[in-house]
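This is what each chain is made of:
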Amino acid sequence: MELIRLEKSTVVFENEGRKVYGLKDVNLRINEGESILVLGESGAGKTTFGRVIVGLQKLTKGKYFYRGKDYRKNMKLLRKEVQYVYQDPISALNQSKTIRDSILPSIKKWRKVRGEKLEEELDNLLKSVEIEPELKNRYPYQLSGGQAQRINIARALSTNPRVLVADEPVTMLDASIRVGIVDLLTSLKNDRGLNLIMITHDLALARYVNYRLGGMRSIVIYGGRIVEEGNFSEILSDPLHPYTKFLVESSEDLEGVGSQEILKKMVYQETNDLPLKGCPFAPRCPFVRDACLNSFPEVAENPHRVFCYIYS
Amino acid sequence: MSLLEVEDLTISYKTTKGKFLAVKHLSFDIKKGEIISVIGESGSGKTTMAKALVRAIKPPANIDSGKVLLNGNNLLEISQNKFVHDFLWVKVSYVPQSSQNSLNPTQKIIEHFIDTGTSHGLRDKKEIEDRAVKLLQLVRLPKSILQSYPHQLSGGMKQRVLIALSLLFEPELIIMDEPVTALDIATQRHILNIIKELNEKNRTSIIFITHEINLAIYLATKLLVMYGGELMEFGDREKIEKNPLHPYTISLLSSVPKLFGDLSKIKPVTEGKINSKGCPFFYRCPNAMSICENNEPETYTIEGDKVRCFLYGANKA
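As you go down the protein sequences, you meet chains A and B in turn.
Residue numbers for the first sequence follow this note's numbering, so the first one is 7 and each next one is one higher.
Residue numbers for the second sequence follow this note's numbering, so the first one is 1123 and each next one is one higher.
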């Protein structure tokens, strides 16, 4: 069953009179229960993508259907069923409220629980993210980053959602506890049959998420465009798009291995001005040709989906 | 002979709840041409330590005790005037965290170079400009940006301007606090390469502070692992990578997934608070013993590496 469908979804931002694509002509279908990895860097459009999915960001052009219905006419269902986990766990919480006061209203509203049962429901919710219920009387500043992120996840779960969009959920946490949060997200996905949409720039971490959930579909985003799409392990072992190759080789090189095929050739360039026409990676791509500057390529299957003139 | 020796450095903060020790009895050294990556979580004291090395500790923080010896001169004892004039920028430079905001927004980039140069005895503006152009070349920025204001540059460009600025007097030591955090991967790689090149060409010693384990390992010749303001382990990078000794280092290294290797061995370190009495890692340590709760371990030397853990003491089981 189809849950999410994006059709030529486009978001345009204006920055000092300049147009920037937050998202450009994104086509994607996500079925019920399916989890995906969204790979890309800051500025690539991954956060815009996440915000579109939860209904926080309006589309400039194109369509977004949730359960077959246009998102604009479906906001109530989206609010309940699609929840966001933010990168900065402390600032995502209301600073002036205790954890209890932050989460209770949502439980009341979405879980239709009343009276004494309310506290019990809250305690159970906190336990499900491995937080001791006594912490509910604390304020955000009294929490560690890891505790705060677990509480954000609890808040997201309070509506009984179908989809969790986790936008770099561990990037701001100490390295030693990151996989603990990933373990929590992946077990929640398994236990509750959630769709996990995991957004990350960290390929090694993505590899771990894929290991926990197995055979995840992945999309690689650059300049608001999906440039490559396929099974995560295929993308990692056989990246096709020059940008994906660059990402993979960079991470490989940090571990002292890899071919550096692209790394050696890539000319370093500032990324402030991405072209509005053609392939957004063209100005940095060592394999750029005329066609890349004029139009964005059609999809090629070789063996997984890639948008690059090398393959079409 | 060490370029810089830090001896028994202790730094405290005054808080409403009393005195809090941010750095405790920290000792380590860096030799010419070494790159030390300082690894630590938030609250490990790594930034406070770095600030102390360039006398940037300000109230409510205070240096309670210790020495910072640069070529034998105790930087904490000489006059402020002498430090600013003869040492800062000239012998040791500091690129602070979120340094992208530390450029003056009302000044062009060239003025930053001229200010720093003239305040340290360079009189000839032409000479400063010549040096600036060369340094910008080194960090691969066009000289045209000398006429730009900071807001006209991207984050990665500003970061590279600061690295160039820190090199104006070719100091022997540069301390960089999270210089590539929050930058995109291409920029990150680019800056790491510049740091490596600097180190290889000029034998500049570098203290590189980061919370990203993979980056720390990538760059370093030595690792300084800190937790709760204390040294946990200090030694040769390759050796620690292969054979970490402190339970914190062991847990940390096995909590970070890699692109290669067995993922089934990856597991998170237990979350928990810092123990302020004995070993700071006590509450999270898989090998914790009763002695660790209230007693501070000494620093033991094991095959040339330093490790602060009772497991390696004389009374180990």
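Mixed in with the good hints, there may be bad ones.
According to the in silico footprint, chain B covers these stretches of chain A (three or more CB under 8 Å from chain B) [unchecked claim]: (1) 151 to 165; (2) 178 to 185; (3) 212 to 219.
Think about it this way: if two alpha-carbon atoms lie no more than 30 Å apart in a straight line, the pair counts; the simulated DSS-like pairs of lysine-lysine are [as the list claims (entries may be wrong)]: (4) Lys251(A) to Lys1380(B); (5) Lys1323(B) to Lys270(A); (6) Lys133(A) to Lys1395(B); (7) Lys1318(B) to Lys270(A); (8) Lys1387(B) to Lys195(A); (9) Lys1280(B) to Lys25(A); (10) Lys251(A) to Lys1318(B); (11) Lys251(A) to Lys1189(B); (12) Lys1189(B) to Lys1256(B).
The hints are simulated quantities; they were obtained by calculation from the structure and are not laboratory data.
Every residue, glycine too, gets a C-beta built ideally from N, C-alpha and C.
Hints versus structure:
no.: 1; hint: 151 to 165; result: holds (count 3)
no.: 2; hint: 178 to 185; result: holds (count 6)
no.: 3; hint: 212 to 219; result: holds (count 3)
no.: 4; hint: Lys251(A) to Lys1380(B); result: 17 Å, holds
no.: 5; hint: Lys1323(B) to Lys270(A); result: 20 Å, holds
no.: 6; hint: Lys133(A) to Lys1395(B); result: 19 Å, holds
no.: 7; hint: Lys1318(B) to Lys270(A); result: 16 Å, holds
no.: 8; hint: Lys1387(B) to Lys195(A); result: 22 Å, holds
no.: 9; hint: Lys1280(B) to Lys25(A); result: 23 Å, holds
no.: 10; hint: Lys251(A) to Lys1318(B); result: 23 Å, holds
no.: 11; hint: Lys251(A) to Lys1189(B); result: 48 Å, violated
no.: 12; hint: Lys1189(B) to Lys1256(B); result: 35 Å, violated
In terms of the numbered hints stated before, the structure departs from hints 11 and 12, listed from lowest to highest.
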